[in-house]
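Enquirer: Line order of the protein sequences matches chains A and B. The numbering of the first sequence is the numbering used here, which starts it at 1 and goes up by one. The numbering of the second sequence is the numbering used here, which starts it at 332 and goes up by one.
The reader is advised that the hints may include incorrect statements.
Calculated lysine-lysine pairs in the DSS-like style (CA-CA distance at most 25 Å, straight line) [to be verified]:
1) A:K230 with A:K325
2) A:K328 with B:K582
3) B:K381 with B:K488
4) A:K29 with B:K562
5) B:K515 with A:K220
6) B:K562 with A:K295
7) B:K582 with A:K295
8) B:K484 with B:K381
9) B:K562 with A:K267
10) A:K267 with B:K582
11) B:K562 with B:K354
12) A:K326 with B:K582
13) B:K484 with B:K383
14) A:K230 with B:K582
15) A:K285 with B:K562
16) A:K285 with B:K582
17) B:K530 with B:K383
18) B:K534 with B:K403
19) B:K582 with B:K562
20) B:K333 with B:K528
21) B:K403 with B:K528
22) B:K582 with A:K325
23) A:K45 with B:K488
Derived by calculation from the structure, the hints in this document are not laboratory data.
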Amino acid sequence: MKDGILVFVEQNGGKLDRVAWEALAAGQKLAAELGCEVSCVVLGKSAAAAGQQLASARVAQVCVGEAEPLVSYTPDGYALALKEIIQTLEPAWVVFNHTYQVRDFAPKLAASLGGGLASDCVGYRVENQRVTLLRQAFQGKFACEVELTGPAPHFVSFQAGVFREDSVERQSESAPVRTFEISIAPGQVRTRPEEPFREAKQSVDLTQAEMIVAVGRGIKGPEGLETVGKLAEALGAEIAASRPVCDNGWLPMDRQVGSSGQTVAPKLYLALGISGAIQHQVGMKGSHTIVAVNKDAEAPIFEVATYGIVGDLFEVVGPLIEEIKKLKASG
Amino acid sequence: MKIAVALKQVPTRDALLRLSESKSWIEERDVSFEVNEPDAYALEEALQLKEKHGGEVVVCSLGPPRVQQAIKEALAKGADRAIHFEDTQFTQLDANGTATVLSKVLESERPDLVLTGLQSDDLGYAQTGVILAERLGYPHATIVMEIQIDGEKLRVKRELEAGWFQWVSMPLPALLTIQSGINKPRYASLRGIMQAKSKPISKVTAGELGLGSEDLSPKQNIVRLYVPERKSNTEFLQGSAQQMAAQLVDKLRNEARVL
Ligand SMILES: Cc1cc2nc3c(=O)[nH]c(=O)nc-3n(C[C@H](O)[C@H](O)[C@H](O)COP(=O)(O)OP(=O)(O)OC[C@H]3O[C@@H](n4cnc5c(N)ncnc54)[C@H](O)[C@@H]3O)c2cc1C
Ligand SMILES: Nc1ncnc2c1ncn2[C@@H]1O[C@H](COP(=O)(O)O)[C@@H](O)[C@H]1O
Numbered sequence: 001m002k003d004g005i006l007v008f009v010e011q012n013g014g015k016l017d018r019v020a021w022e023a024l025a026a027g028q029k030l031a032a033e034l035g036c037e038v039s040c041v042v043l044g045k046s047a048a049a050a051g052q053q054l055a056s057a058r059v060a061q062v063c064v065g066e067a068e069p070l071v072s073y074t075p076d077g078y079a080l081a082l083k084e085i086i087q088t089l090e091p092a093w094v095v096f097n098h099t100y101q102v103r104d105f106a107p108k109l110a111a112s113l114g115g116g117l118a119s120d121c122v123g124y125r126v127e128n129q130r131v132t133l134l135r136q137a138f139q140g141k142f143a144c145e146v147e148l149t150g151p152a153p154h155f156v157s158f159q160a161g162v163f164r165e166d167s168v169e170r171q172s173e174s175a176p177v178r179t180f181e182i183s184i185a186p187g188q189v190r191t192r193p194e195e196p197f198r199e200a201k202q203s204v205d206l207t208q209a210e211m212i213v214a215v216g217r218g219i220k221g222p223e224g225l226e227t228v229g230k231l232a233e234a235l236g237a238e239i240a241a242s243r244p245v246c247d248n249g250w251l252p253m254d255r256q257v258g259s260s261g262q263t264v265a266p267k268l269y270l271a272l273g274i275s276g277a278i279q280h281q282v283g284m285k286g287s288h289t290i291v292a293v294n295k296d297a298e299a300p301i302f303e304v305a306t307y308g309i310v311g312d313l314f315e316v317v318g319p320l321i322e323e324i325k326k327l328k329a330s331g
Numbered sequence: 332m333k334i335a336v337a338l339k340q341v342p343t344r345d346a347l348l349r350l351s352e353s354k355s356w357i358e359e360r361d362v363s364f365e366v367n368e369p370d371a372y373a374l375e376e377a378l379q380l381k382e383k384h385g386g387e388v389v390v391c392s393l394g395p396p397r398v399q400q401a402i403k404e405a406l407a408k409g410a411d412r413a414i415h416f417e418d419t420q421f422t423q424l425d426a427n428g429t430a431t432v433l434s435k436v437l438e439s440e441r442p443d444l445v446l447t448g449l450q451s452d453d454l455g456y457a458q459t460g461v462i463l464a465e466r467l468g469y470p471h472a473t474i475v476m477e478i479q480i481d482g483e484k485l486r487v488k489r490e491l492e493a494g495w496f497q498w499v500s501m502p503l504p505a506l507l508t509i510q511s512g513i514n515k516p517r518y519a520s521l522r523g524i525m526q527a528k529s530k531p532i533s534k535v536t537a538g539e540l541g542l543g544s545e546d547l548s549p550k551q552n553i554v555r556l557y558v559p560e561r562k563s564n565t566e567f568l569q570g571s572a573q574q575m576a577a578q579l580v581d582k583l584r585n586e587a588r589v590l
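Just chain B, same shape as in the assembly:
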């Protein structure tokens, strides 16, 4: 079976972020990037499905040249090939735009299964996968925690709120958005890293997909980003670790009266 995985690259968790001149994005210089957390789980799930059912794993990523790093990592872990959507027109797309671009290639690739993360850690739209399913005409399920495949039939465990779950079945081809924790992502092996060097990465531009600026114009415009004013009533303790610990215990006992 052919499985496509959508990988997004996002700033690392502890990156110190500053706003760009335009105030509608971050200053990317000096920031290190990593694969969006649920996307890494989606990739692992694809690799395990391939090991069980055969076929190939195709990685799709949309972004500037820096995303090559995420792509190479995925290839080193065992993905078979990659599609890098790279074009200045692709910068700052909303979820609709990203789904439109991805759908153009996946329409002709016709994978049996498309896996995305449930949400990106930077803009957090939680929409790209579901819109992509709509564009491809695939059934979908979101927040998936387990996948079973039996021939043409797919059965997945969805996470619901407050510790509830639900199994849902559907025919293939289908699209699933993957939740973190579904599996244990592997590390790339040395052999994998060597093999990745000869795996194909095809580049795709807006022109090649027949997409003009009106096809990609956002339905959702970022007006501005800013550092939020924190509404905090927190009483911050000061001093050395010892002093803060002593103060805290005193306050918990005499002020909050919880000890």
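Extracted from the complex, chain A is given alone in its bound form:
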């Protein structure tokens, strides 16, 4: 394993989500290009069950970290356990998917081992064994190439969707599973997590909507919502929003689409004044037809839009209502 790649696989009650396989796919690809071995590690309650599933992938070994304090996720517990495993295996690279859990502990882990973490990467390049990582900067306005310097291990997390879960290579023989008994003293885990929950008052279910009119910060304030409401009414659409609109209280939180809101896939998603940050895109890019109205032709929303209008949303909404009414009237 020394100088190989170690992939951290996130599991939830023994279940492996799409992101888990994506991380593995990332590690396998990077290992193939660097000509080294890839192993993976899984922690927590039901880690052994998850480990069994992972053993079908083409990996040198599956490491399972077990300890009483790992039953529920905590950043202290995970950072300590992975530190111990990394110090034993001495990988050159540790690969993650950039999930909320990874954001919570990976910088701590990397710092505790004196390594650098290139976070939320969208690609990479290998030239003469040198790895250059690709990230977004300035809210996607620029792409940014980074290199990790200093001694190994180096840490990298990839954005969801960069690698495909179905590209994971399998093997017929099961990979060996190695269990690490982690020694964590009770006082070393300082945070006490409670059970995850959803807010009870989720009153709208956007996932069932056939049409959605979504507004972003380009709407400027709650006043703008009136005409947009008329557009939604004409279309028979639900109103949704990007995060800042809800943060500002212009619309309630349960209208939010994106990584921390709802994931929707309507027939028509009309995005008005939404820049299309990755956290928004993950919640709506599965929509059948996407229309984006934005005054900035470079806005990332146009990476996923079917039809685009570059212009002021307030000038477009009025005529759009008229045209839709005309269409409906003509049957």
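Model the placement of chain B with the ligands on the given structure of chain A, informed by the hints.
Expert: Coordinates of chain B with the ligands only, in the frame set by chain A:
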């Protein structure tokens, strides 16, 4: 209780950005800056905690002279004092470097609570707060949406993916990274702006912190920044607003067949 808030200044959202000569940063001339969005929420949270529990709010910002504007705004809103980390050695630090610099002062300040934003809008490392917690030996929680303090005990609501949340408790001192939307940030009052003039801002340089270039050398180097090629299959509509609206409705009906 003593609360430290880390404020970063970033280009305003609608700023037109150009790359600098070196291609590893932006041309800062003619760009206006503002407080990083989640940091503004972190400051508000600190001010509200102070109103409830007493104590002081110390603002920390690392950057060139322009960040004085962000600092003054924070003082006008009600922060008690500020520390401005200003040194040419501090330009273009990675998250590790920034956390190292901040930790040097906070180690001796020993605040009960350190608040940072969860992520910066420019480089977006989403790391500085968590590394800072590690350096200070503080427990931490990220993406925080609510804070409850009862004596020495802290209980916070963390945001998880897809609309899930989780309460986490921990002892003080601790570090939290704040998510946008946790509160409603205030505006500075006229009185606040007047009072801010007499509030102390201490300046700190690398030398004073005993930090040399090797302490601050990045673990993550920016090789280059560039304008990405957009992979877009978008069909852009042309003409007046009326014409585009008519075309769009026609296409939605006859091409996409969704109307
Ligand atoms: C952990 C985390 C979780 C997050 N979760 C979510 C989430 O679930 N959902 C979400 O949406 N975001 C989420 N975000 C925030 C996300 O990163 C972006 O900040 C956010 O999506 C931006 O919202 P916006 O597009 O409305 O605003 P901005 O990025 O400010 O964009 C406004 C857009 O409006 C355009 N515009 C302005 N005026 C007009 C006009 N008159 N006519 C037409 N166009 C105009 C501008 O050109 C710009 O493109 C999350 C962030 C983090 C870090
Ligand atoms: N130069 C800086 N000065 C003060 N605080 C900073 C600075 N850079 C980052 N931070 C803090 O760290 C948080 C996360 O930044 P980042 O790790 O760059 O995404 C920000 O929201 C700030 O609270």
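Enquirer: Of the hints stated earlier, which fail here?
Expert: none
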